[in-house]
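Q: Make a model of the complete structure from these sequences and hints.
Note that the protein sequences, when read in sequence, are chains A and B.
Each residue of the first sequence is one higher than the one before, counting from 58 in our numbering.
Each residue of the second sequence is one higher than the one before, counting from 83 in our numbering.
Careful: at least some of the hints might be erroneous.
Stated by the list, open to error - Which residues of chain B face chain A? A partial, calculated answer using Cβ under 7 Å: (1) Phe84; (2) Asn85; (3) Ile86; (4) Lys90; (5) Cys96; (6) Leu142.
Claimed, not checked - Beyond 12 Å from chain B on every Cβ pair, some chain A residues (computed): (7) Glu109; (8) Glu147; (9) His261; (10) Met315; (11) Arg334; (12) Trp358; (13) Met386.
Since the hints were made in silico from the structure, they are not lab data.
Think of the CB as a built atom: it goes at the ideal place given N, C-alpha and C, for glycine as much as any other residue.
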Amino acid sequence: MAKEVVLSGCAASAQAAKYARVEVICSYPIRPYTAIMMELAKMVANGELDAEFVHGEGEHAQLSVVFGAAAAGARALTGSSGVGVTYAFETYSPIAGGRVPLQMAIADRALDPPGDFGSEQTDAMSTRDQGWILGWAEDPQEAFDNSLINYRVGEDHRVLLPQMVCQDGYFVSHIPGKVVLPEQSQVDEFLPPYKLPHPLDPHHPVSHGPQIRPDQGTIMDLQRAQAMLDTPKVIREVIDDYNRLFGRNYAPFVEEFMTDGAEMVFFIQGAHAMTARHAVRHLRAKGVKIGLVKLRFVRPWPTEDVANILSKFKAVGVIETSTSYGGAMRGGNLLHEVRASLYDCPQRPLTTSFMAGLGGEMVPLKDFYWMAEVMSNAIKAGKMKRNVYWVGFEEE
Amino acid sequence: MFNIPKDKEVPLGCITPAPVTEQPMMITGNWREYRPVIDNEKCNLCMSCIVYCPDACWQLNEAEDEPVWNAKYCKGCLICVNECTSGALSKAYELDFADGVVRLEKPF
Numbered sequence: 058m059a060k061e062v063v064l065s066g067c068a069a070s071a072q073a074a075k076y077a078r079v080e081v082i083c084s085y086p087i088r089p090y091t092a093i094m095m096e097l098a099k100m101v102a103n104g105e106l107d108a109e110f111v112h113g114e115g116e117h118a119q120l121s122v123v124f125g126a127a128a129a130g131a132r133a134l135t136g137s138s139g140v141g142v143t144y145a146f147e148t149y150s151p152i153a154g155g156r157v158p159l160q161m162a163i164a165d166r167a168l169d170p171p172g173d174f175g176s177e178q179t180d181a182m183s184t185r186d187q188g189w190i191l192g193w194a195e196d197p198q199e200a201f202d203n204s205l206i207n208y209r210v211g212e213d214h215r216v217l218l219p220q221m222v223c224q225d226g227y228f229v230s231h232i233p234g235k236v237v238l239p240e241q242s243q244v245d246e247f248l249p250p251y252k253l254p255h256p257l258d259p260h261h262p263v264s265h266g267p268q269i270r271p272d273q274g275t276i277m278d279l280q281r282a283q284a285m286l287d288t289p290k291v292i293r294e295v296i297d298d299y300n301r302l303f304g305r306n307y308a309p310f311v312e313e314f315m316t317d318g319a320e321m322v323f324f325i326q327g328a329h330a331m332t333a334r335h336a337v338r339h340l341r342a343k344g345v346k347i348g349l350v351k352l353r354f355v356r357p358w359p360t361e362d363v364a365n366i367l368s369k370f371k372a373v374g375v376i377e378t379s380t381s382y383g384g385a386m387r388g389g390n391l392l393h394e395v396r397a398s399l400y401d402c403p404q405r406p407l408t409t410s411f412m413a414g415l416g417g418e419m420v421p422l423k424d425f426y427w428m429a430e431v432m433s434n435a436i437k438a439g440k441m442k443r444n445v446y447w448v449g450f451e452e453e
Numbered sequence: 083m084f085n086i087p088k089d090k091e092v093p094l095g096c097i098t099p100a101p102v103t104e105q106p107m108m109i110t111g112n113w114r115e116y117r118p119v120i121d122n123e124k125c126n127l128c129m130s131c132i133v134y135c136p137d138a139c140w141q142l143n144e145a146e147d148e149p150v151w152n153a154k155y156c157k158g159c160l161i162c163v164n165e166c167t168s169g170a171l172s173k174a175y176e177l178d179f180a181d182g183v184v185r186l187e188k189p190f
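A: Next comes the structure, spelled out in structure tokens:
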């Protein structure tokens, strides 16, 4: 029988790793993701989980250890936060290019300077062009579910890509929420044992990561691009399967909340979606025609889903919890992708970035009300005044 | 699907059977500043050089029972010299040119 428990996001991620029967884990401490490794270390020490637990000497080493382990045919997990994610940056491209589908559990954290512990999505968002599957969870349950879903998607032989399963630091990683833990047999049915097509094996020796010629470089890039192109179909299949087996109701890429009759929406990923839902409910009660659209995967970016859904509205406020200094829209990263997705639509909504939740700041209800007012005024005026608003620091 | 000419195909993730055929276009031996030199009298066949070489430039010649060095691809990292358990490996300076410059016929 599935059972309901109360877990933090970190504990939920650790539980998911246990259910996935992870075989090699490599840790290095950095808050807030550390709590995932603390839980896993306990499980390994207690004999609950039969896995090799390796202490890395830094994040670059962590990624290298799991790269080797997963290349040798073990289901592997590592993770990090903030500057730890960026310290390992060199390894992201070879792992994706080598088509080794390991998983990284990330509880996000602001990058320096100078040393901010708070949640911010810039760390993992900065890796988005390396060929990793990337997405955020809103609550501990989704962190748990995404871990299993991502292993299954990444290990599919049509995909074979590594995955970053992200949750917002503290807001998800350290605030307990209800998590339904399934039966082990259900997970075993959903997630077959890991099988790499060409594992490192002394009986059938293969070379991973050899030097290639410059004229082979494009072909390697093209293979990785093709794998990313093939991923959305697999994600749709896997989410269907997950929903059926575990009684969930996930949209594969883009979830709509109270969008019936909505003129404007918040477009958001991660923990702050929960506050945004409350804001939408309260605003709806007052007659404001607003809804919420939540993104579940940044990579592969669901261009068609975003275009089809967002083109129905008059205004879209993209809540950005990451920075893109000097970018085309002068704000965060998501607006670039949103506007590019909408470009070919005959009807395009007004759009803007709302910079909110940076450095670990909360995004309280009053901020969402203010954003709604900005969008509402833009609809009346038929024009969005600016492409970016730093919420709380600017007049409309 | 993309059209990739037959002669340009690359295996998935560039994972190839080992040991791979040498690639004439990507010779790395000319990156070397020092080369490892083996004294076969001292070698105790511990295989450390063969195991540790990141580029498989030490292979065992089973007929002669001795490690064989690949001058064409050894980059001169000298990990083998460092790991050698018997003192059979030492290093020798490679840049014996009058002006100290390595000359390459081709960039790769």
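Q: Failing hints, ascending?
A: 2, 6 and 9
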